[in-house]
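Here's the letter readout for the chains.
Protein chains: 2
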Amino acid sequence: MKPKGLLLVLSGPSGAGKGTICQGLLEKRQDLAYSVSCTTRTPRKGEVSGVNYIFTNRENFEDMIKNNGFLEYADVYGNYYGTPRSYVLEQLNAGKDVVLEIDTQGALQVKKNFPDGVFVFIVPPSLDELSKRIYKRGTDAEDVIKKRLRAATSELAYASKYDYIVINDEAEKATLKVSNIMDVEHLRVGRTFYIVDEICNRCKK
Amino acid sequence: MKPKGLLLVLSGPSGAGKGTICQGLLEKRQDLAYSVSCTTRTPRKGEVSGVNYIFTNRENFEDMIKNNGFLEYADVYGNYYGTPRSYVLEQLNAGKDVVLEIDTQGALQVKKNFPDGVFVFIVPPSLDELSKRIYKRGTDAEDVIKKRLRAATSELAYASKYDYIVINDEAEKATLKVSNIMDVEHLRVGRTFYIVDEICNRCKK
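Chains as they are written, first to last, in the working numbering: chain A, 1 to 205; chain B, 1 to 205.
Bound conformation, chain A alone (with noise of 0.2 Å):
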C-alpha cells in the first residue's frame, strides 16, 4: 500500500520570505507539486494561465464555490482567489506531495478541510529586516509600507494556529528546514504504520 502525499502549506506575513522558500522547495524536491491557485482577476502581461494562475470568470468560480470546489477561497478587493480541491486530492492520492503558498486566511480554512496537513509558519528574524524587506520590495509609498508593516505585524497572531514556525533568516537554511519538516512528517506514526502492519501480517503467515 502506497500511503498518500502530504500537504504543505506554507504561510506567514508578507516580507517572510515564503515564496523564495516555495520555489527553492520545488527545485529540491522533484516529486513536489505546486497547486496553482484559480481567480478572476484579469492576467498581467506575460502570465499564462495554468502557469501563474488558472484564470476563469466569476460564474465558473462561483460554480466551484458552489460545488464544494476549493480548499480555500477569499474575495480579495472583488477578485475571487481560490485553491482548486481537485487537483490538490489527485496528486495527494497518487502519493505525490502538494505545497500551497497561501496567505493565513486560506492557511486556517484549510485546516479546517483538511486537518492532517502539515502547517508551516514562516517569520522574519526580526521585526526591523521585515521592515527592511518590505522596503526593499518595491516603489510602494511610504503609507503603502507603513500599512503592509502593520498588516505584516499583526498577521503574526496567528502563528499559534500552525504546527511548526520557521525563523527566514537565510533562504536557503529556510528552505532546508522546511524541507526537513517534510522528510519527518513521512515518518510519523500514521503515515508510517502500514510498514509495521505489513511486517506483522507477514509474522502471522
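Hints were generated in silico from the structure; no laboratory data involved.
Here the structure is a predicted model, which is why all the values come from computation and not from measurement.
Please note that a few of the clues may not be correct.
When chains are identical, the list treats them as one kind, so a pair holds in a single copy or across two.
[Stated by the list, open to error] Calculated cross-link-like contacts (lysine-lysine; reagent style DSSO-like; alpha-carbon spacing at most 27 Å):
1. 161 with 4
2. 146 with 136
3. 161 with 45
4. 177 with 2
5. 173 with 2
6. 173 with 28
Starting from the known structure of chain A, arrange chain B on it as the hints suggest.
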C-alpha cells in the same frame, strides 16, 4: 527565554538496533544528554556505577519509587530497573535534550508522565532481517532465540503508540533520521512560539 530541552524516547524490539542509533546520536549531537538507568542488579565485571548503570539496593530503589523518583521503572526477573526523574528534569530545564533508550513498557509509562516527549519506535526492515540479527548476536540456544523472536514481533504491536516510526535498514541513515526528527521537533509551534511572542512584544513598544 530559553526553551526547555527535548525528551527523546527511543524504543523498539530487540534486534531493531536502537542501541546503535542511540550511540550514534550521542556522537552526532554534542548537546544531547544520556539518562543512565538505575538498577538493583549486581554490577557485571567492568561495569561502573554512574556510567553503565547507577547501582543501588532494593531499599533505596523502593524509597525512590515511593517518592515518585522515577519516570518509569520495572521489576525484571527480580531486579529493578528505572529512569531517575530528577536527572532528566534538570537537563531539560537547563535546555538540554535528553535521550532514553528503553523498552515499550517503560516508554508507555514515560508517555503517561511526560506526554511532551518525542516517542520514536525503531523497527527492523523485515522479519527476516530481525531474525538474522537476533541469530547473529549470540550463542543462545535455538529455543531462546525463537522466544526472543516471538517477543520482538509481539512488541511491534506497540508501534502505533509512538509519534514516529523509523525503519533501521542502515544504522547511519536511521540515526540521521532520528537526528532530523529532533531538529524538526524543535521547530514545533509549542517550542518556537516564544520567538514570535518576542517579536510581537517589540511591535507594541
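Tested hints:
1. 161 with 4: Both: 24 Å inside a copy, 21 Å across copies.
2. 146 with 136: within (13 Å within a copy, 68 Å between copies)
3. 161 with 45: Classified as neither: same-chain Cα gap 37 Å, cross-chain 54 Å, threshold 27 Å.
4. 177 with 2: For residue 177 and residue 2, the Cα distance is within 27 Å both inside one copy (25 Å) and across copies (20 Å).
5. 173 with 2: Close across copies (21 Å), not inside one copy (30 Å); limit 27 Å.
6. 173 with 28: both (12 Å within a copy, 19 Å between copies)
Comparing the model with each earlier hint shows a violation of hint 3 alone; every other hint is respected.
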